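Peer 1: Taken in sequence, the protein lines are chains A and B. Counting from 1, position 163 in the first sequence corresponds to residue 163 in our numbering; the numbering is continuous, with no gaps. Counting from 1, position 38 in the second sequence corresponds to residue 287 in our numbering; the numbering is continuous, with no gaps.
Don't read these hints as lab results, they were simulated from the structure. Do not take every clue at face value.
Derived lysine-lysine pairs resembling DSS-like cross-links, with alpha carbons at most 27 Å apart [claimed, not checked]:
1. B/K329 with A/K34
2. B/K260 with B/K329
3. A/K80 with B/K442
4. A/K85 with B/K334
5. B/K268 with B/K344
6. B/K471 with A/K85
7. A/K85 with B/K329
8. B/K334 with A/K150
9. A/K34 with B/K399
10. A/K150 with B/K471
11. B/K344 with B/K399
12. B/K471 with A/K249
13. A/K193 with A/K249
14. A/K193 with B/K442
15. A/K227 with B/K476
16. A/K80 with B/K334
Listing some non-contacts, in silico: residues in chain A with all C-beta distances to chain B over 10 Å [said to hold, decoys possible]:
17. K20
18. F21
19. P69
20. S154
21. Y166
22. I238
Predicted model only: the values in this text are computed from it and were never measured. Cβ coordinates follow ideal geometry from the N, Cα and C atoms, glycine included.
This is what each chain is made of:
2 protein chains.
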Amino acid sequence: MKNLITKSDVKYIQSLAHKKFREEEGVFVIEGVKMVGELIDEFPDSIVHLYATQNWVDENRQQELASIPLSIIDEIILSKISQLKSPNQVLAVVKMPIQPSHEKTSSEIILVLDQIQDPGNLGTIIRTCDWFGIQNIICSLDTVDAYNYKTVQSAKGSLLRINIQYVDLKVYLSSKKGVPVYAAALEGTSIHKIDVQPPAILVIGNEANGISTDVMAFATQKVTIPKFGRAESLNAGIATAIILSNLIK
Amino acid sequence: MKNLITKSDVKYIQSLAHKKFREEEGVFVIEGVKMVGELIDEFPDSIVHLYATQNWVDENRQQELASIPLSIIDEIILSKISQLKSPNQVLAVVKMPIQPSHEKTSSEIILVLDQIQDPGNLGTIIRTCDWFGIQNIICSLDTVDAYNYKTVQSAKGSLLRINIQYVDLKVYLSSKKGVPVYAAALEGTSIHKIDVQPPAILVIGNEANGISTDVMAFATQKVTIPKFGRAESLNAGIATAIILSNLIK
């Protein structure tokens, strides 16, 4: 099904750069040949509409595309609706996954993010979780939005495979009595000296200020990555990855 | 020493956004209250000139500043000379460190980067090296420039503490006969099953294509981060950090 794109379509897609409109509409944008290709392979039903150059359409699997609403656009329109510096042939408007109100499983490691602010960090963390088989990320209400385009780009294809919830962390952690809570901190037990048995919760804090006092109150153990050099701290995404690689092996 | 800023100063600083001019002049730019503060503490002699708001000057250590060339600027000029979206009071033009033609020590782990393209990734890698006490990073000639503003920002204060060289990797690795070369790859020995004794070299490859064939030819062992989920790959900075945390503990 091929359509023409209208001025109001362009405005609509541009509006999805804002969290408010994404949430009202329940959709977000995924861009580029590689990520949209993965999307068609894995989650075709989540695609609301594709906007693509004729070139892209010619090179893609006509059969699979037949059931997806599609508008052919030129490079000028693409650059108008894209958030990327170098738009790449295709853009998809995608339904946000319906997140269950609880975790997918309760016998694993759950990652809790307290006020992560950088969208690129959040995307990298989502991708890293998908590598290590972490299925659930629980974000504080003031963590950056997972559907903003920078997060989408750095999460690569992992965004739709991970269950991401935004909740009041105090309420959430209160409901998890009995589950050990490991909190990443600059001082604590070395990650090489802990033995974590799932279910367990790992908390990672804000890039500049770490974990807030209210949330830290739930920690059963502070854990730290031993330092051998002089850097003051590690990037939040890097710290998450190093700790996960130690918990899951 | 306080000066007025001229139009040609503004042009000069703007020109330093380009690698060509940075290299011709042997200087680069460090921005923001925190990073310039660290710079004054640790490497005052590397500062060629400071450009700061009156506010910043009033709040800073007059004694230490006395010996550094300084121009007072307003927010409008600051936004003209800054590469940041939200310029932060002060900008320093800094001498590039003089890199020795060989490593600082030869009995440690050396990180080799083959065609890293993302400046943020390179900055994060530099910061991570500084955490783990890695002193030397050897970059292929086509690795992104370490003095570009995005790398500077994500490296935080670590940029001047690490010895970074750009060399022909084939020539470099040929000169390292007898030193084991571990190459990060999607398939190889698990990082949890290797026992690395320095001196050793760790090679990390390009974000999309991994290590080039020419460089891979020098590998004595391929190493991999075990995968438990579905992500296709890990971000290059994340992979570097996870491997380093396993080599250095």
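Peer 1: Hint by hint, say whether it matches the structure.
Peer 2: Status of the hints after comparison with the structure:
1. With a C-alpha separation of about 37 Å, the suggested pair B/K329 and A/K34 falls outside the 27 Å cut-off, and the hint is violated.
2. For the hint pairing B/K260 with B/K329, the CA-to-CA distance comes to about 9 Å; that is within 27 Å, so the pair holds.
3. With a CA separation close to 50 Å, the supplied pair A/K80 and B/K442 exceeds the 27 Å bound.
4. For a cut-off of 27 Å, the pair hint linking A/K85 to B/K334 stands: about 16 Å separates their Cα positions.
5. For the hint pairing B/K268 with B/K344, the CA-to-CA distance comes to about 14 Å; that is within 27 Å, so the pair holds.
6. For the given pair, B/K471 sits about 35 Å from A/K85 by alpha-carbon distance, which is inconsistent with the 27 Å threshold.
7. A distance of roughly 21 Å separates the Cα atoms of A/K85 and B/K329; the hinted pair therefore holds under the 27 Å criterion.
8. Restraint check for B/K334 and A/K150: satisfied, since their Cα atoms lie roughly 15 Å apart, inside the 27 Å limit.
9. Proposed proximity of A/K34 and B/K399 is supported: the alpha carbons are some 25 Å apart, at most 27 Å.
10. Between A/K150 and B/K471 the CA atoms are separated by roughly 32 Å; this puts the pair beyond 27 Å, and the hint is violated.
11. Note on B/K344 and B/K399: the hinted pairing holds, with a Cα-Cα distance of about 17 Å set against a maximum of 27 Å.
12. The hinted pair formed by B/K471 and A/K249 meets the criterion: a straight-line CA distance of about 18 Å does not exceed 27 Å.
13. The suggested pairing of A/K193 with A/K249 holds, with an alpha-carbon distance near 14 Å, which does not exceed 27 Å.
14. Between A/K193 and B/K442 the CA atoms are separated by roughly 18 Å; this keeps the pair inside 27 Å, and the hint holds.
15. For the proposed pair A/K227 and B/K476, the alpha carbon gap of about 25 Å is at most 27 Å, so the pair holds.
16. Taking the CA atoms of A/K80 and B/K334, the gap is about 21 Å. The hint holds against a cut of 27 Å.
17. With 10 Å as the threshold on Cβ separation, the claim that A/K20 sits away from chain B holds: the shortest Cβ distance comes to roughly 21 Å.
18. At roughly 22 Å, the least C-beta separation between A/F21 and chain B is larger than 10 Å, which holds for a residue marked as non-interface.
19. Remark: the non-interface label on A/P69 is consistent with the geometry, its nearest Cβ contact in chain B lying 27 Å away (cut-off 10 Å).
20. For A/S154, the non-interface assignment is contradicted: its Cβ lies about 7 Å from the closest Cβ of chain B, within the 10 Å cut-off.
21. At roughly 22 Å, the least C-beta separation between A/Y166 and chain B is larger than 10 Å, which holds for a residue marked as non-interface.
22. Consistency note on A/I238: stated as away from chain B, yet its beta-carbon is not over 10 Å from all of that chain's, at 4 Å minimum.
Hints 1, 3, 6, 10, 20, 22, counting from the list given before, are not met by this structure.
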